[in-house]
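A.B. asks: Place chains D, Y and X on chain U using the hints.
Protein chains in written order, with full-length UniProt numbering: chain U, 1 to 400; chain D, 1 to 400; chain Y, 1 to 400; chain X, 1 to 400.
Misleading hints may appear alongside valid ones.
If chains are identical, the list can't say which one is meant, so a pair holds when it fits in one copy or spans any two.
[Stated by the list, open to error] Dumping the calculated DSS-like pairs for lysine-lysine here, alpha-carbon to alpha-carbon at most 25 Å:
no., residue 1, residue 2
1, 213, 125
2, 224, 153
3, 29, 42
4, 5, 51
5, 153, 213
6, 153, 303
7, 392, 5
8, 146, 303
9, 6, 29
10, 303, 267
11, 267, 224
12, 6, 53
13, 224, 213
14, 392, 125
15, 267, 153
16, 42, 153
17, 236, 224
No wet-lab data here; the hints were simulated from the structure.
None of these values were measured; they are calculated from a predicted model.
Protein chains: 4
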Amino acid sequence: MENNKKLRIGLIGTGFMARTHSNGYNRVKNFFPELEFSPVLKAVCSRNGEKVKAFAEQWGYESTETDWRAVVARDDIDAVDICTPNDMHAEIAIAAAEAGKMVLCEKPLARTLAEAKQMVDAIEKAGVKNTVWYNYRRVPAVTLAKQIVDSGKLGRIFHYRANFLQDWTINASLPQGGAATWRLDADAAGSGVTGDLLAHCIDTAMWLNGGIKDVSAVTETFIKERVHQSTGKMQKVSIDDACAFFCHFDNGSLGLFESTRYARGHKALYTFEINGENASIRWDLHDLNRLEYFDNADDSIVKGWSSIHVTDGDQPYMDKWWVPGLSIGYEHTFVHQVADFLKSLERGGVCSPNFREALETQKVCQAVLESASAGSWKNTDVEWRKKQETEKEAMLSEEV
Amino acid sequence: MENNKKLRIGLIGTGFMARTHSNGYNRVKNFFPELEFSPVLKAVCSRNGEKVKAFAEQWGYESTETDWRAVVARDDIDAVDICTPNDMHAEIAIAAAEAGKMVLCEKPLARTLAEAKQMVDAIEKAGVKNTVWYNYRRVPAVTLAKQIVDSGKLGRIFHYRANFLQDWTINASLPQGGAATWRLDADAAGSGVTGDLLAHCIDTAMWLNGGIKDVSAVTETFIKERVHQSTGKMQKVSIDDACAFFCHFDNGSLGLFESTRYARGHKALYTFEINGENASIRWDLHDLNRLEYFDNADDSIVKGWSSIHVTDGDQPYMDKWWVPGLSIGYEHTFVHQVADFLKSLERGGVCSPNFREALETQKVCQAVLESASAGSWKNTDVEWRKKQETEKEAMLSEEV
Amino acid sequence: MENNKKLRIGLIGTGFMARTHSNGYNRVKNFFPELEFSPVLKAVCSRNGEKVKAFAEQWGYESTETDWRAVVARDDIDAVDICTPNDMHAEIAIAAAEAGKMVLCEKPLARTLAEAKQMVDAIEKAGVKNTVWYNYRRVPAVTLAKQIVDSGKLGRIFHYRANFLQDWTINASLPQGGAATWRLDADAAGSGVTGDLLAHCIDTAMWLNGGIKDVSAVTETFIKERVHQSTGKMQKVSIDDACAFFCHFDNGSLGLFESTRYARGHKALYTFEINGENASIRWDLHDLNRLEYFDNADDSIVKGWSSIHVTDGDQPYMDKWWVPGLSIGYEHTFVHQVADFLKSLERGGVCSPNFREALETQKVCQAVLESASAGSWKNTDVEWRKKQETEKEAMLSEEV
Amino acid sequence: MENNKKLRIGLIGTGFMARTHSNGYNRVKNFFPELEFSPVLKAVCSRNGEKVKAFAEQWGYESTETDWRAVVARDDIDAVDICTPNDMHAEIAIAAAEAGKMVLCEKPLARTLAEAKQMVDAIEKAGVKNTVWYNYRRVPAVTLAKQIVDSGKLGRIFHYRANFLQDWTINASLPQGGAATWRLDADAAGSGVTGDLLAHCIDTAMWLNGGIKDVSAVTETFIKERVHQSTGKMQKVSIDDACAFFCHFDNGSLGLFESTRYARGHKALYTFEINGENASIRWDLHDLNRLEYFDNADDSIVKGWSSIHVTDGDQPYMDKWWVPGLSIGYEHTFVHQVADFLKSLERGGVCSPNFREALETQKVCQAVLESASAGSWKNTDVEWRKKQETEKEAMLSEEV
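Just chain U, same shape as in the assembly (with noise of 0.2 Å):
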């Protein structure tokens, strides 16, 4: 770390990831003035000259690389950010770390549960900041139902179930490979809806609910074969179009969640529901700024789930922000990520998901796909309450 609280930033990637990265060290100081430190956009990198150029003019970047190691390289840099696909993530991660970088990584953290490994250990052994870009954390709502959860409300939790359902890949003719469709490559994606969006449900209930673990799943590849856009001819899909499967939480409830981008109509459909002894929760990515909350305590004759418009400046992060009632939206995730992640430069402590606890869903997205393979129950080996019980998360929201 330079003198002078600054956070200087090499950006790896150029993508849609990119653009929200970007955009969160753009705002972070207009609506968390008070945080001493202050992100610098240092560098971008991309393989296309022109492009990383464009980018960085649009953005805000000081400089431009067209190799990753350059970044890595650059004493004038603190802090890689890992925005490109997946097949990536290890290696400009281990290297980062090894060179003393403190390292952001855009989520799944790797393609597999062996990579991860590694780069956690490579993390660790670096003893360097770290985070990963689970973002939907950060949604006021979504902080909220933490909040809710953590004050006890719901008492014994039965049922936990997720969905995050997209339409976007059922054009037959859509190419797998390239930059705008990795995601269907499994080389570079790792996988397909498990590792790209069950993750961030596992993510976000691991966080709410604990520890997973057993896992029994199922995958589908709706669409066999699709022209590779490297090679432009026609073959095998090998990732998963969709993926569904139930899960044994340590706390005794049961898991339902189901990933798909074939649910015509669907755009990003990331929905989440709790339901405990006393009280439920449930949410919904269409309509970000409500959190819904079913109160049993409640007077029986007016009892009935609740539509909260998280707004208000005591809910999490909306103090910052405008005044009740007035939205906010997607990108405001990352923007409350990198407040929490200069927080912890701080103050100390987390901006969780670190790269550990990010390996916790590693390891249940691998349990998922082994379970789909093996048509049987796999357990995740995930080590969630010892971690928690060890490690103290810095997040603005919670000193409301």
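C.D. replies: Relative to the frame of chain U, chains D, Y and X by itself:
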């Protein structure tokens, strides 16, 4: 009244409302078996002899008549139920009262305030039991709203707003007059949406929120000429296609009402909302089993609009039906009104709204039409408070 | 069958379902007067003589019995309607069939697949009319879903998902066994949510989306011991409190089903959704008059989920009821099933689902329970396609 | 205008609106990089020197001023952005125009019609670019509504209704006057909800549905006295707490508007609905990414209200943000208005609404207040049609 605790009904009319009332009589003892009195479907009457026979067979009436005077004259009939177009209400009701019959009159009470007053005079002079079918009071969710209001939970009331939006008369080729479209003919109906739809809104409003002091209204007739059924010729349309008004309630709150048959996409969207200092309520006929409730006393971070699915046994009337979660529908409101009428025979009290109370609604309707015509505010001369203090309502739901 | 086109009913049972069926018989000719056949409530039977007399009086049965064998033996009864706990279904149905009676059996058909097979054998040997009360097919919105599916608008189907969530058994002091809580006793019920709730979901699913080939399931019993009504002692709970399963349909789509009685805040949340290549459908029992529909063929900038209020005269069954916008409720599904049964007498055809079709649902339930027990996939041996090709359904809605 | 295509901003004010505008300037080139012009945050001004310095640092202004006249006088400023309480709008705008500055003025344009006219005169005499921040036009769902209306799909319009409901002033101990509550002081604000909230509704309404000819209004002040910040004494409250009005539009449709700050449970519930002969539209600020649309041309059995999640790349402005399904929020409307203002510099045209158009809204507000005071209808003298025919709007969304 006969011995044996029978209520022998003579029904005048065979249209839509004749069906809803008949269904009410037929079902009531299946669901309210504890009532001492039972309805007996003694006679149904319509000028069309063939139609009336078919109706009698379908609904189980013991006999038919083609002249309503014959019904009024029959000794074996205790109560006359008036389901004719509005232009016959006064004449039949007055004759029935003079013959010592109980009278159950479809709403609105009359075409005009003058007619309504004569009816009330006749009914009160005769001292016969009477009720007017403002059925929406007996939607369980609406009755629950009344219970919440009466509990004082809302505090000082600031606003009351109600809409009744339909779209069935947009087609310019729809005629006026005749059996199916008499509601488009002011001679038969008295007025357009004011007497047909706003009358419902006004009845509910005064029941929930007290008397309406004065009104300022606007009306509109979008389609100026329609063929008249009786003449086959284009004639000026004499009804109001749409009507809106503001008002002051006796309790100081501001009211806003709107009704139309030209709101494309809305079939029967009757909604109301009450905003109090401490809590608010809203309801919607399209989802009639739900009541939405906002309680400002809730813990601030989980405060929201609660969607109450009013199907539990401790909610109004619902112990009579199925199990929690299972909806009832529109027709059940008439079953409830029959049940409450039977209860009023058994235990005394008014099966509200009675003619006197419906007269107050008529006063508001009249003031609305006059205000729209004059373009200025009008007093209503409503005497709500006095009435409420002196009469006891018979509602089975109140015993819960 | 008697002369005179009467269907003389002998009803066994006086519980919740006895009420819904009795209401169906009582209402049907008011709303479907064109039907040639009429139900006659000849006898109702229950071991409790006092209770059965009260029930008979409330619902209009001509006589009572306290031994179901007496009902089966009576010459003046054409059809036996079985509303007992599940443990009596097989014995009564087989005896009634052997006595040449038509049989209308409450769902699920039986406790076990073995029982169900014996029932189908008996019914088919006797050649008597039969139906099983999977009533949700006849919610107008669900029937509309079937019409949309049959129209081919959805294209290739990718996903089917259904939930049936309740919360009524969370209280640990609720006993098992006995009149009110026999559903918690596997001896009486056969299983827990699988036969009670998932059976409904499976019936609808196969009707809409074809046969289920294989399943992988999980079950959970959250409260392990409850007092048994008959012994007054704490005993191991033998039913499944919750059950989830995935499946493959014959058409290649992936199914996901979940049911529980521990989802706090949900009274009877039966929902299903179908995702096709070109369109999707979803439905929710709590708002049973609505169907949600997404049509990908819509102009892209106005594409969305359409909320269809299924109350128009050209929508299934709705020409029989009120006017557009006015809701019907849960009980109407039974009226519709009675109407379709009467129609099947008049015009031939099956009042679906019949015993044979309900057997297919039983096969899936059995496979689900076995899969959960084994922790592995199970084939169902469902023979859906064959059946569908050979039988003609009698549904009044299909003539619209 | 300077060379270099910079738009050098001088912002007056540091309150809520100063934040939303500053955010708009800061973000616009990240999301609209193709625009030739860039905003430069040259100076921010507030009487409170400490506060203005903190604001400048937070938002990146190059310099600060404590006297707005200094801003107007500076040569290095191209445009003055007015974010003061309403009582300063006229004086600053006129001075800025006279100094040849472009003017971007927060809504409402002025406290009174007289002030507004002077402002328009000054602006038009100076011939400087100008805009008024009626930001809700640039919610993508609202802009989509405009596109649908302009397409003619609605046919003849019958009804327009809008509400803006808040609940933030129910507490009687809230003072009037001062930095936080100047909106409760008519001297500072001009009026209460009429200028604050209904002005938004009126601007949108005339944009979507054309000129408003005449109005009939009612206002209410529920809390008659509040402590004034400046004196510390109880004083008569001079603003309207609530206001409702009907109106006739030039196109013959009927309008109904309501606004209040006493609708418990509603934080910022701005809703509007248009009912046309062939289709209807409605929108709600609490779910601002959605537009609801009813198209009567749909096949009758699947006709319903479509909930359009306006987040696709072919919907207004949304190609600039994320991917389908991912929401944006309130603040984005200001980014859009800045983008459209920059576009108007580059390609000509009006960044609507300009002062002239905002004057028409002011005329309606004035007529509303006068009508409420007189208890009778008032003409508005709005000249909407003429304006619309002669000016070209610059909206980036229109090029889609």
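A.B. asks: If a hint holds in the structure, say so; if it does not, say that too.
C.D. replies: Cross-check of the supplied hints:
{"no.": "1", "hint": "213 <-> 125", "in the structure": "neither (27 Å within a copy, 51 Å between copies)"}
{"no.": "2", "hint": "224 <-> 153", "in the structure": "between (46 Å within a copy, 23 Å between copies)"}
{"no.": "3", "hint": "29 <-> 42", "in the structure": "both (16 Å within a copy, 18 Å between copies)"}
{"no.": "4", "hint": "5 <-> 51", "in the structure": "between (30 Å within a copy, 23 Å between copies)"}
{"no.": "5", "hint": "153 <-> 213", "in the structure": "within (24 Å within a copy, 42 Å between copies)"}
{"no.": "6", "hint": "153 <-> 303", "in the structure": "both (16 Å within a copy, 15 Å between copies)"}
{"no.": "7", "hint": "392 <-> 5", "in the structure": "within (22 Å within a copy, 49 Å between copies)"}
{"no.": "8", "hint": "146 <-> 303", "in the structure": "both (22 Å within a copy, 16 Å between copies)"}
{"no.": "9", "hint": "6 <-> 29", "in the structure": "both (12 Å within a copy, 23 Å between copies)"}
{"no.": "10", "hint": "303 <-> 267", "in the structure": "between (32 Å within a copy, 12 Å between copies)"}
{"no.": "11", "hint": "267 <-> 224", "in the structure": "within (22 Å within a copy, 41 Å between copies)"}
{"no.": "12", "hint": "6 <-> 53", "in the structure": "both (23 Å within a copy, 21 Å between copies)"}
{"no.": "13", "hint": "224 <-> 213", "in the structure": "between (32 Å within a copy, 20 Å between copies)"}
{"no.": "14", "hint": "392 <-> 125", "in the structure": "within (19 Å within a copy, 63 Å between copies)"}
{"no.": "15", "hint": "267 <-> 153", "in the structure": "between (32 Å within a copy, 20 Å between copies)"}
{"no.": "16", "hint": "42 <-> 153", "in the structure": "neither (45 Å within a copy, 51 Å between copies)"}
{"no.": "17", "hint": "236 <-> 224", "in the structure": "within (6 Å within a copy, 48 Å between copies)"}
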